[in-house]
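Asker: Residue 1 is where the sequence shown starts when you use our numbering, and the numbers rise one by one after that.
No lab work stands behind these hints: they were computed from the structure. Among the hints, erroneous ones may be present.
Unchecked claim - Here are the simulated lysine-lysine pairs, DSS-like style, with alpha carbons at most 25 angstroms apart: (1) K202 x K171; (2) K202 x K25; (3) K301 x K327.
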Amino acid sequence: MLFYLSSLNNTTIINWDFSMHYRDKIPFGGYALNELLQTSWFDDYRHSYQSMYEWTPQWDEDLLVISSYFTIDKDEIEKLEEILAEGHNVLLAAHFFDPTLREKLNFTSTGENALNIDSLGVLPVEADLKNPKANERFISDNRVIGEYFTSYDTAHTEVLLSHKNGPLAIKMTADSIEGSLVLCSAPLLFSNYSLVMEDNNKLASGLLSHLTGTKLHWTEFYQVGRMESQSSLRYIMKEPALRNAFFATLFALLLLMIFDAKRKQRPIPVIEPLKNTTLEFVRVIGSLYYQKGDHRDLALKKFLYLQDYLKRYYYINFEQEEKLMEKIAAKTGVKQNRVEAIFDQYRYFLKVRQIDIEELRIFTERIEEFYKHKDDGPGQHIPK
1 MLFYLSSLNN TTIINWDFSM HYRDKIPFGG YALNELLQTS WFDDYRHSYQ SMYEWTPQWD
61 EDLLVISSYF TIDKDEIEKL EEILAEGHNV LLAAHFFDPT LREKLNFTST GENALNIDSL
121 GVLPVEADLK NPKANERFIS DNRVIGEYFT SYDTAHTEVL LSHKNGPLAI KMTADSIEGS
181 LVLCSAPLLF SNYSLVMEDN NKLASGLLSH LTGTKLHWTE FYQVGRMESQ SSLRYIMKEP
241 ALRNAFFATL FALLLLMIFD AKRKQRPIPV IEPLKNTTLE FVRVIGSLYY QKGDHRDLAL
301 KKFLYLQDYL KRYYYINFEQ EEKLMEKIAA KTGVKQNRVE AIFDQYRYFL KVRQIDIEEL
361 RIFTERIEEF YKHKDDGPGQ HIPK
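Construct the entire structure; sequences and hints are all you get.
Answerer: Following this line, the structure appears as structure tokens:
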């Protein structure tokens with residue numbers, strides 16, 4: 001929590017470490033170079049942490065290595081020679097090259113405040129890019145220009161970039177190999193800091209143009225090791241906004257745990273009221289009758305229910321059939337012709353063994369109409 005609060009008040013401190021990692025946006029990171037390579041090679045560009053032993057070059061694929069201290073053993077030098085012999089081009093950019101490689105390729109270089117960045121002032125240094133555009137000049141400073149080459153095989157070497165002290169980039173070829181090897185003693189020329197400075201993106205593009213293959217492979221093995229951690233937490237801690245959000249979330253979880261640790265009241269059980277299952281029962285019975293298809297039996301039961309209703313609420317005695325229709329009409333207020341239609345249809349049902357669904361529907365509608373119009377006529381004031 002204290003770390004989080006203190007980080008909010010801290011001013012941004014620029015990180016001048018040599019990284020050249022393809023995701024780092026610090027001055028000496030490789031984010032801008034990665035964007036440049038993706039634009040130039042599109043889908044034919046890939047990035048990895050493989051050594052030369054692990055790398056299996058595809059057809060017409062070149063190799064890019066950017067490192068501060070480029071170390072290589074004799075076996076890897078033999079692998080490098082095989083890669084060049086197969087026609088692949090390789091660009092090695094480093095402040096310091098391994099002595100074994102220097103001896104093998106017969107070149108020397110010297111360090112000159114390569115990583116000294118104490119001075120914040122810009123010291124212009126003229127650099128002449130001779131390929132592909134002769135006499136084109138670029139401006140850099142003492143943070144980027146460091147080591148330079150002092151000797152090399154002039155018969156098989158072409159100077160690509162130089163300043164007043166000596167060559168910064170050379171291209172070495174041999175009669176026995178098809179590919180070419182480009183050595184650059186100023187790897188920071190490919191950094192974010194250099195690429196955003198005036199037209200230095202053309203400088204980097206000019207050096208990369210000597211990788212003539214249609215595919216490009218950039219390996220960071222010789223800078224960060226065999227495999228860099230790719231955990232989500234590492235990326236979160238690297239980004240200030242994500243780091244602050246991460247600590248804020250931890251603080252919120254801590255508060256939740258503190259308040260949630262208090263003794264809780266036992267939950268009060270919810271007693272639900274008893275459900276009215278009458279409607280459900282009716283639906284079940286109706287479904288059974290519908291599946292059975294006995295429409296006559298259902299119609300007779302509807303009439304029996306109507307008959308029971310008239311007995312209980314209107315005291316109709318069905319055993320005295322004299323003027324029965326008139327009594328029902330007088331007591332219920334329903335027109336007599338409606339009552340007679342129900343009873344006539346009921347007597348018809350008693351005579352037959354089966355009825356269709358249309359007859360059941362008409363009978364049901366007549367009974368529903370009876371319930372709807374009861375006590376609506378002149379008979380509503382007749383005493384029961």
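Asker: If a hint holds in the structure, say so; if it doesn't, say that too.
Answerer: Against the structure, the hints come out as follows:
| no. | hint | result |
| --- | --- | --- |
| 1 | K202 x K171 | 18 angstroms, holds |
| 2 | K202 x K25 | 20 angstroms, holds |
| 3 | K301 x K327 | 22 angstroms, holds |
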